Amino acid sequence: MSVTTTKKSLHKRHDDLAQANKQLEILSGGIFADGELPTFAKKIKETGQFPLRPKKLEILQINVGYMCNQVCEHCHVDAGPDRKEIMTWETMEQCLEVIKNTGAHTLDLTGGAPEMNPNFRRFVEEASKAGIKDFIVRSNLTIIRANKKYHDLPEFFKKHNVHVVSSMPHWTRGKTDKQRGEGVFDKSIKALQELNAVGYGMPDSDLRLDLVYNPNGAYLPSDQAGMEKDFKKALMEDFGIQFHNLFAITNLPIARFLDYLIASENYEDYMYQLVEAYNPAAVANVMCTNTISISWDGWLYDCDFNQMLDLKVNSKVKHISEYNEDLLNDRNIIISQHCYGCTAGAGSSCQGTVA
Amino acid sequence: MASNNYYDPADLRKFGKITEWSEELGTKFFDYYGKVFEEGALTAREKALIALAVAHTEQCPYCIDAYTKDTLQRGVTKEQMMEAIHVGAAIKSGATLVHGTMMMNKVNKLEM
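Residue numbers (my numbering), protein chains in the order written: chain A, 1 to 355; chain B, 356 to 467.
What the hints contain is simulated information worked out from the structure, not anything from laboratory work. As the structure is a prediction and not an experimental result, all values here were calculated from the model. Zero decoy hints are in this set.
Under the rule of at most 20 Å between Cα atoms (straight-line distance), these lysine to aspartate or glutamate pairs were calculated in the DMTMM-like manner: (1) B/K369 <-> A/E268; (2) B/K424 <-> A/D269; (3) A/K129 <-> A/D206.
One chain only, chain A, in its complex shape:
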C-alpha cells in the first residue's frame, strides 16, 4: 500500500475526494453506470430486501470528532491531526439526553481518536451513569502513548467499565506500520500490555478488550475465527498479550481507501471482489438495521460510512436536537455501492462479521 504516502487528510489537501458528492459520483459511475456490475439497490431487490429498513435499534454510535493523532492510509473518516471537527459540550449534552432515554443496549464512541475531544472524559463519566449495558470506546491504542495526559486512559476506562475496541491490522510490525504509520506497531503493543496490566482482555475478565482487523490493501478479510486464532497465538507468543475477540472488518471504498484504490488502479477489481462476494444473508443483519450514527455536529445517519458520505437519515428527524426513536426507526435506509462492503462474504460491521 505504498502508492500514497498520506501525511495530510484529503480535506487538508483540498483533494476532490474530500467531497462526499465526488465520492458518490465515482461509486455510481463507471462499471455501475454502464451495467457491468449491478447497483446495490438492484442486487438487494433480487432477494426482496429493498428498501432496506431498520429493525430494533440496538446501537447508538457517536462520532465525537474527526481529529486523530494518526493518518492511516485506509481511513474512511479521512481523520488526522489537521481535522478540526470536534463535538461541542452542547451537542454532547443533547447526546446525553438521548442516551438516558434510548432503547439501545450499546453506546459506541468513535472518531478520529475520541480521546482527543477535550470533553471526552466528562462525557464518558456522564454517559456511564446512564446504565447502558455495553459502553464501547474505539481507541486507536497509540493515543494512550501519544502524550503524558493520556497515559492513565487504561485506568480511566477501567473505572467506567468501558469496553475497549482497538484497531490492530496485523501481528507483525511491517504490515501494521505500513497501514497506520511508522512506529504505530510498537506503541500499540505497549498500549495493549498496559491495558492487560489493569485487567483488560484477560480470559475471565469483565473488562472487554477486542481488536479490529482490516486488510492492508485491496483485498477482503479472511475468516474471522481463523484470524482471531492467529492473532492470539502471535500476540501471546511474541508479546504476552491477551485480548477477547477479533473483529474482521472490510475496508469500504470511501474517503482515503477509495483514494488508494483509484491511485493504485485497484478500484474496479476491488468492486468486482465485493460484488462477487455479495451474501444476501449478511444483508439481513447489516449494521445500519440496528444502529444510528451521530456526527460531531449532531446530524443523524444510518451508519458511520453514510456519515462520511454526508447521507443524512431519510427521516423527518435528522438532528440530535429533534431526536425521536420511534420516528427514526420508521425510515428507509440510504444505500449506495459502498454498501457492498458490509455484505461481502460473512458480512462486515463495527462489531465484525454479521452472517
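Given chain A's structure and the hints, the job is docking chain B onto it.
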C-alpha cells in the same frame, strides 16, 4: 478474442463460465476444487501457500494472481509467501538436477 494478449487479467473472473460449455464436468471440477481447499488435515492457509508455490512452478498467471490475493487475505506475510515460492523453485531445480544422475549413468555405461 476481445484482447490482443493471450493472457488477460479480466479472464480470471470468467473462470466459472467454463461450466457453460460442459456443465456436468465443470460443476464436478468446481465442487472438487472447493472441497480441496476446505479446512482439513491441513489448514486453509497451508493449502493456500501450497497453491501459491505450485502456481509459480506451473507459471500460471491467473493462479499467481488468485493465490497472492488469497494468501494476503489469510494474513500470510511477504516473507512466508517468498519462502513458499523458494520451496517450489528448489523442487523445480532439484527435479532438473536429479536427472543429472541419468546422464551420469548413461555416460558411465557408454564410456570405457
